[in-house]
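Chains A and B are the protein sequences, given in the same order.
Per my numbering, the first sequence starts with residue 1, numbered consecutively.
Per my numbering, the second sequence starts with residue 1, numbered consecutively.
Everything labelled a hint here was simulated from the structure, so no lab data went into it.
Across the chosen pairs, the derived CB separations fall in these ranges:
| no. | chain 1 | residue 1 | chain 2 | residue 2 | range |
| --- | --- | --- | --- | --- | --- |
| 1 | A | D95 | B | F202 | 53 to 63 Å |
| 2 | B | G310 | A | K24 | 54 to 64 Å |
| 3 | B | G17 | A | G133 | 57 to 67 Å |
| 4 | B | S297 | A | Q29 | 44 to 54 Å |
Even for Gly, the Cβ is constructed at its ideal location relative to N, Cα and C.
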Amino acid sequence: MSIKVDQVLDCKGLSCPMPIVRTKKAMDQLEAGQVIEVQATDKGSLADMQGWAKNTGNQYLGTKEEGNVLKHYLRKSNPGEIEEAAKFEHTIQNDELEKAWAENQTDMILLDVREPAEYEFKRIPGAVSIPLGELEGKLDTLDRTKEIHVICRTGSRSDMAAQILSEKGFEHVKNVLPGMSEWNGPTESE
Amino acid sequence: MVKALSAKEVAKRAVEGKMFILDVRNESDFKDWKIEGKGIESINRPYFDLIEGVEDVLEHLPKKEVLVVCAKEGSSVMVAEMLDEAGIKDVYYLEGGMNAWSEYLLPVKIGDLKDGGSIYQFNRIGKGCLSYLVESNGEAAIIDSARAIGAYEDFAKEKNIEIKHMIDTHLHTDHISGGRRLAEKTNATYWLPPKDAEEVTFSYEALEEGKDITIGNTKIEIQPLYTPGHTIGSTSMIVDGQYLLSGDILFVDSIGRPDLAGKAEDWVSDLRDSLYNKYTSLSKDLVVLPAHFGKISELDEKGAVQAPLGELFEKNEGLKIESDDEFRKAVTENLPPQPNAYQEIRQTNMGKIDPTSDEQREMEIGPNRCAITE
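Construct the complete structure from the given sequences, taking the supplied hints into account.
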């Protein structure tokens, strides 16, 4: 299964330092928030990709191994993402959501608006994935009678999503804060 | 112009010279394992933090003579060129990177044998593995061979000696033995303790007490001495009545760990008996030649690792534990992490799996970690 990304970078057959050098160049061209898949055969690229992402503030999402090829997924960070104050007035804290979600999922939708690659590597069991950019086209798939909790990594994309939903007439919407970055409840992948 | 420095030259400087190293691998690799030596000073800055420029690291470097090190070579060349452009004089990179460092063997002559012949220690400084070559009258035995057998082959060719015996004191868990491969190439006999060989897929000669091995016509004797504990088969060897090859049972600064084959509790009393009963009955003048060192400080000025048995009974903490209970705790609790890929390494040494040479190199990355202390 392939994960939807904004760019695929082929670094197969290249040895260190080229996979990281190429990734850096490609990331410089991306918009903040976009996701890149880096294909590499150099085994050392795994630890280096993680270290590089950490030191540059970019988001390392995960790696899939397919035969000899390592597919690394990274998301270009958005410097404003964390600072931007959430504007949507109805919010719920991570721990409150964790409790509510554990008790009753039938009247609730947990909407994850991060990129598919982020969702792929770490998500709350039962969460529905609709990336922010696709939300307006997929409103019909959401049950308006249910309470919708919107989550992303840090609360900023979900804030925008909550505003969109509210404008489109959804009445029971809450933005989850701070979001997946500090989520301590159960998660799953793939 | 940046210059390549071979692992051999770096080993020389690690033992007797001076070198400033900029290690550009990622932080966890550096923390795990790095080039060490009495004259070595090193700092870590991952190459991926230096892609934009080396300005930030310059103030931490000397103005001349810097060796840049990475895993395979590529990144160190890139960073070395940047340092060169930034004005540092004599910038080197490590040829073949840490892979080459891990495999390099430094041969050191330990001494002469009574009726002619001599014994050499091959120090794999990068991994802390010690192997031995005993030669007399044009014949040789190699004990605890490293995977990279080229150094022994070159040595034998240069001295015009024939390799007759390849011996492993035990089934190794930290490195892939070159014993079987070199035995096949040279038509030598491959010896292994039978209790460690119950699952092996190849034929071998049983290394057992009473089966002395003779080299050359001057009858250099290698006497096996069953000393279980690190593994159930672990066998020490007394060479020429002078040297005690202690395998992974006794090291200069520590003792062997009993847990790597998954049977720590079972083997504690074997280990205690080997060290506290069998070894104590041997001559104190025997020179202990172990299969590993743990700290670079164990190397003498030639790069050799050795000590008289009597001295170790006085100085080695692992030989001075009075109660059985304390001993059990010391060898089963708070042990260092296991060697990298140790289970796959055992499988490979049993002939059960046959990884490619790249995979084997990868499996052997890191320190040996066969002692109870780091």
